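Q: Hints are included, so try docking the two chains, each in its own frame, into the full complex.
Same order as they appear, the protein sequences are chains Z and U. Take the numbering used here: the last position of the first sequence gets the number 420, and nothing is skipped along the way. Take the numbering used here: the last position of the second sequence gets the number 336, and nothing is skipped along the way.
Treat the hints as calculated values from the structure; they're not laboratory data. Bear in mind that the values here come from a model prediction, so they are computed numbers and not experimental data. A portion of the hints provided could be inaccurate.
In silico contact screen, one side only, chain Z against chain U (beta carbon under 8 angstroms); selected entries [as the list claims (entries may be wrong)]:
1. Arg11
2. Phe267
3. Arg291
Sample of chain Z residues at the chain U side, in silico, Cβ under 8 angstroms [to be verified]:
4. Pro10
5. Gln14
6. Lys27
7. Tyr31
8. Thr32
9. Ser37
10. Leu39
11. Arg62
12. Glu66
13. Tyr68
14. Asn185
15. Ser274
16. Arg279
17. Ser314
18. Ala324
All C-beta atoms, glycine included, are put in the ideal place defined by N, C-alpha and C.
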Amino acid sequence: MTSHNTPRQTQSRTEAQYAAEQTKIQTYTTLQSSLLSHISTSGYTYNPEAFALTTKILRLNPEYYTVWNVRRRLLADGLLSKRSSGSSPSTVLPTTSATSDTLGSSGSSSSYQEGGETPVSRESPGTEKGGRSGLQLEKTQQDDAAQESSTAQKNDQKVLTDELQFTIPLLLASPKCYWIWNYRRHILSESIFRLPTPVARRIWLEELGLDSQMLTRDRRNFHAWGYRRYVLGMLESKELDGKSMVEEEFKFTTDKIKGDLSNFSAWHSRSRLIPRLLDERQAGNQERRSFLEEELAFIHDALNVGPEDQSLWFYHQFLMASFTPGNEQYAIVTDFSTTEKIDHLAQEIAEIKELAEDYDDVKWIYEALVEYTVTLGQLRKLENEEETDLRGWLGRLRKLDPMRQGRWDDLEASWKL
Amino acid sequence: MPGNNFSSLPDELQLATAAHVKYIQSLDTRKDEYEYWLTEHLRLNGLYWGLTALHLLGHPDALPRNETIDFVLSCQHDSGGFGAAPGHDAHMLYTVSAVQILATIDAFDELETRGKGKGLVGKFIAGLQNRESGTFAGDEWGEEDTRFLYGALNALSLLGMLHLVHVDKAVQHVAACGNFDGGYGASPGAESHAAQIWTCVAALSVAGRIDLVDTDKLGRWLSERQTPSGGLNGRPEKKEDVCYSWFVLGSLEIIGKTHWIDREALIKFILGCQDTEKGGISDRPGDAVDVWHTVFGVAGLSVLRYPGLQPVDPTYCMPKSVIRRVLGK
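Isolated chain U (complex conformation) (with noise of 0.2 angstroms):
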C-alpha cells in the first residue's frame, strides 16, 4: 500500500494538518482581501470544499456547526433552491453544495425546521431537468451541462428523491455524452474532460450504470493524464494540476484503476504544492494556495490511503462515513 513509507520523508512531503486546518479556519476572516470579495459568487461551494477537507483531515469540529447551518439556510431562496451567499441568485451548482454541507454535519433536519423544508429543494432541483434529453441546466436561464446533472442526482440521491426525475433519461444523456477514447464531455458531441469525466462516471455510480463505462479505454486515457511531475492533468498536452488529483483519480477509483498511475509519485507532487507555513494546497509548486486545490489535494490523498487521512468516497467526494449514514450503505 502507497503511503506508509511516507514518515521518513523530509518536512515538505508531510502532510501539514494543522496548517491546513488553520487555514481553511481563517477563510472567513480575510475581509481585509480584495480576494475575499471578488469571490462571494463561490461562498457557498467555498464552505462545502472547506468542511469536506476538514472532515477528511480528521477535524470535522473545526468549523462552528450553528453558524455553518445559519449561513447555509441564509442562501435559500423561496423557490428552494440556494445562492452562493445572501443575495446570490438561486443556482444548482450552489444548491448541491448546500446539500452536500446538510449531509455532512447531519442537519437535514434544520432543513425542515428552520429552511424551507427537503421536499421545496427536491422540487427546485427535478425542476432543471430537461424532460426531453434528460440533461439538467444549471438554473432558470436554461445553461445545460454534465456538472449539473451530475450535481442534481448527487444531491436528490442524499435527500433520498432520486424519483422525482427520470434517472434512465439521465443516464441515456450521460452515455450521449461519451467518446471514441473512452471519456466523457460536457454535452454530446463536446471533448473528453477529466473534470467532466468524472461528473459523468460519478453520475453514473449514483444511478448504479457503471456497466456503460468502457472502463479499460477510459482506463487508458485517465492513466495518461499523469505527466512526468507526477501530477495529472485534464487533458492531453496540458499541464498537471492538483484539482485533477481528483477528478482523474476520483474516476479511476470508481472504475477500481487507480492502480495504473504511478500513486506514490502523486502523493509526491500533492504534497509538494503545500504551503506547509501558513497552510492551503496549490494547483502547482509555488503558486498561491486555494480551498478548492486544498479540498482536492486532500481527497486525492485519501484515495490514495494516505495515513491518517479518513476514507472519502470517490462518487460524491464526502467522507464514507458520511455517506453510509446518509445512504445506509
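One chain only, chain Z, in its complex shape (with noise of 0.2 angstroms):
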C-alpha cells in the first residue's frame, strides 16, 4: 500500500504467474488464520507451534505489527522463565554461551523457533524436598535457587540472542521497517531485567556494532541514526553501569563524515554531540575558541571539495551561531564580544568570497555571502560597498535558484537598507 522505488507494471499477469500469486496468498493466509485460531482458542499461553507460526509469517512479512506482538507475549508466557518482580539477577554468568550476533552469520535459527524442541524446562521451586529439615534444608534450598536462577539466566540469555538473531536477515531485508527495530528494542531491553549487568552490556555493545554496520549498507538510514541514540543512551545509562561514550561517538561522526562529506546525518549528530562533548571536557573559553577555529578548518576543507552540497552549509551555519545574535542557544563559543564576532564574520565572508571565485555557479555560496552579511548588518552599519555586493549577491542567488524566487523576494524585502 506504500510502494517506494518500484517500476510501474504495464502489462497484466500471465496465467502462469496468476496462479503462482494464488498460491503465494493461499500459503500466506493459511499460516494467517492458523495463527488467529491458536490464539482464539488459547490466547497467548506459549505453545512450539504458535511461536513457529509467528516466524513463518514474520519471515514473509515483516510489517505484520500485530504478529510481533504475539511473539511477544509468547515468549514473556513460556519461552523466557518468570520474572520475579523487582529482583533483578545478582550472579554473573560465565561468557562463554554469548551467542555471535554479526551481520556476517546468516540468519540462522534456532531449532525452537521452529518448534522442534522444547525450551529449557522449569521445575518449580519446592517440590521432592520433603526429607530434608532444619539449616540443611535451607542451605540447599538456598542453593537450588542459585541454581536455579543461573539456569533460567542461561536460558532467557539463549532465547534473547536467539531472538535478536532472528531479526537480523528481516532487518537485512527491511532496513526500514519499523516493527523490527521495535522488536530488537524489546529484546534488548529485556535483557537488561534479565541478565546479569555484564552480559547485558554485551549484548548492547554488540548491538551498537550492528547499528553501525546497518548505517555501513545505508549511511542515511533514518531508524538506525535515531536507534543508535537510543542504544548509546542505554549503554551510557545506570542500568548497564555506563559512563559517557561522547568521545567515541563524536570520533565515529568524523569517519562517517570522512567517508562520505554529503552525510547529513552526521553532520547532524556531530552538533548534537558537541555541546555535550565540550561540558564533559570542562572546556574553558579558550578551548572552546580552539574547538571552534578546527570545526570551521573542517568545513572549510569540506567546502572547498564541494560547495554544492546543502548539507555542509546546514553545518557551516550552525558553527556560525557562534556569532549570530539570538542563535545562543547553539553557540559553542558564548563569549565573544561584539568585535570578536564582527571580525570572524568578515573573515568567514572573506573565505566565502573566494570560493566564489572558483565557483561562481553555485548558488550556496551566494545564500551563504548574504546571510553572513545580513547577520554582520546586525552588529555595525554595512559599508555602501558591501550593500552593493548584497544586492549583486541577490541577483546571482535569483538567477541562479529562480524556483525560490518568492524567498529571495521575501528576503530582500526584509533588508532596510
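A: The structure is reproduced here in C-alpha cells:
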C-alpha cells in the first residue's frame, strides 16, 4: 500500500504468474488463520507451534505488527523465565555461551523457532524436598535457588540472543521497517531485567556494532541513526553500568563524514554531540575557541571540495551560531565580544568570497554571503560597498536559483538598506 | 495563482480525476493480489487515505458510507483503541485514522450507538501519553515518536477531548525535538526529517503554538527540499518523492511560506507521477502507484489550489469543510 522505487507494471499477469500468486496468497493466509485460531483457542499461552507460525509469518511479512506482539507475548509466557517482581539478577554468568550476533552470520534460527525443541524447562521450586530439614534444608534451598536462577538466566540469554539473531536477516531485507527495530529494542530491554549486567552490556555493545554496520550499508538510514542514539543512551546509563561515550561517538561522526562529506545525518549528529562533548571536557573559553577554529577549518576543507552540497552549508550555519545574534542556544563559544563576532564574520565572508572565485555558479555560496553579510549588518552598519555586494549576490541568487524566487523577494523586502 | 493555466497542458498533465476515483474504489477488490494480503496491517490507514483523496477530488460518496462505518467499528477493541483490521492489535496510528474517517463522514454518533463510545477512544489515546516527557507511545509496548504525539492531538481535538492530556507538556516535547536547522525530528536529538517536521508543526498548530516555530529557518530548510525535478525530498541529498508534496508543502502552508518554492514545477511533478489510465499516483514518474502517494499527491495539489479540488486543511490533512464542521472554525 506504500511502494517506493517499484517500477509500474504495464502488462497484466500471465496465467502462470496469476496462479503462482494465488498459491502465495493461499500459503500466507493459511499461516495467518492458523495463528489466529491458536490465539482464539488458547490466547497467548506459549505453544511451540504457534511460536513457529509467528516466525514463518514474520519472514514473509515483517510489517505485520500484531504478529510481533503475539511473539512477544508467547516469549514472555513460555520461553523466558518468569520474572520475580523487582529483582534483578545478581550472579554473573560465565560468558562463554554468548551467541555471536554479527551481520556476517546467516540468519540461522534455533530449533525452537521451528517448533521442534521444547525450551529449557523450569521446575517449580520446593518439589521433592520433603526429606530435608532445618539448616541443611535452608542451605539446600539456597543452592537450589541459585542453581535455578543461573539456569533461568542461561535460558533467557539463549532465548534473547536467538531472537536478535532471528531478526537480523529481516532487518537486512527491510532496513526501514519500524517494527523490526522496535522488536529488537524490546528484546534488548528484556536483557537488562533478565541478565547479569556485564552480559546485558555485551549484548547492547554488539547491538551498537550491528547498528554501525547498518549505517555502512545505508549511511543515511533514519531508523538506524535514531536507534543508535537510543542504544548509546542506554549504554551510557546506570542500568548498564555505563559512562559517557560522547568522545567515541564524536569520532564515529568524524569517520562517517570523512568517508562521505554529503552525510547530513552524520553532520547533524555531530552538531548534537558537541555541546555535551565540550561540557564533559570542561572546556574553558580558550578551549572552546580552538575547538570552533578546528571545526571551521574542517568545514572549509569540505566546502572547498563540494560547495554544491547543502549538508555542508547547514553545518556551516550551525558553527556560525557563535557569531550570530539570537542563536546563542547553539553557540560553541558564548563569550565573544561584538568586535570578535564582527571580525570572525568578516573573515568567513572573505573565505567564502574566495570560494566564489573558483565556483561562480553555486547558489549556496551566494546564499551564505548574503546571510552572513546581513548578520554583520545586525552588529555594525554596513559599508556602501558591502550593500552593493549584497544586492549583486541577491541578483546571482535570483538567476542561479529561480525556483525559490518568492524567498528571495521576501529576503530583499526584509532588508532596510 | 498557480494552476489556472493548466487546462492547456497535454493530457498527462491533467488531473485524471475519474481514473483516481475508480482506482481508489477498486482497492478493496484486489484480493487476488498478494500485496493486498501483505498490507492488511495498513487497512484502516488506507481507508483514511482513500476516503480523504476522494473527498478532495470532489467525490465524497464514492465509497459506501454504511460499509465504511461497519469496517471502522469492526477494528475497535474493548480498550477503545483501533487496530489496522479485525484481529490486529490496537495502536495509535489506526485509532487516529478511525477518528479521522468517522469525522470525515460525520459518524461520531455511530461510535456512541454501535461502537464503544467516544469516551473510551479518548481514554485509550490519553493513556498513551508519557506524563513525564509529554510525548506519546504508539501502543502498550511503549515506542515513542512525534508521529504519535501529533496523532493524539489530532484525534483528541476532533473528538473535543484535548483536556484529557497535558497539551503544554506535549508542546514542550515538540520544542525539545527542534534542531539548529529549524526542523524537527522524531525525538529530542533526532535529525530533521520533513515528515516528522509536519507532525511537529501540525501538533503545534493544533495546540495553537505556531509562535514557537522559527519560521524563517524552517521555511528555508523546507524550501531547499525542492529538487530540479520540481518534486520535494524529505531530507538533504535525498531523492524527491510525491509524499513529501504533503509533508513539506503542508508544513510550508502552516507557516505561510508555500511561495518559497516553485509551485508550478511541483504541480507538474505530481501530475507527472499519475497513472492516467488506471488511476493512482506514485512516488516518482513511472513507478507503481499506491493509495498513500495518491492522497498526498492530491492533497498537495489542493494546497497548490489546483482547479477543481476541495481545499485541504494543512494541519489535519482532511477537507477544510470537515474541519469547519467538526471544530466549528
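Q: Check each numbered hint against the structure and report the violated ones by number, ascending.
A: Failing hints, ascending: 3, 5, 9, 11 and 16.
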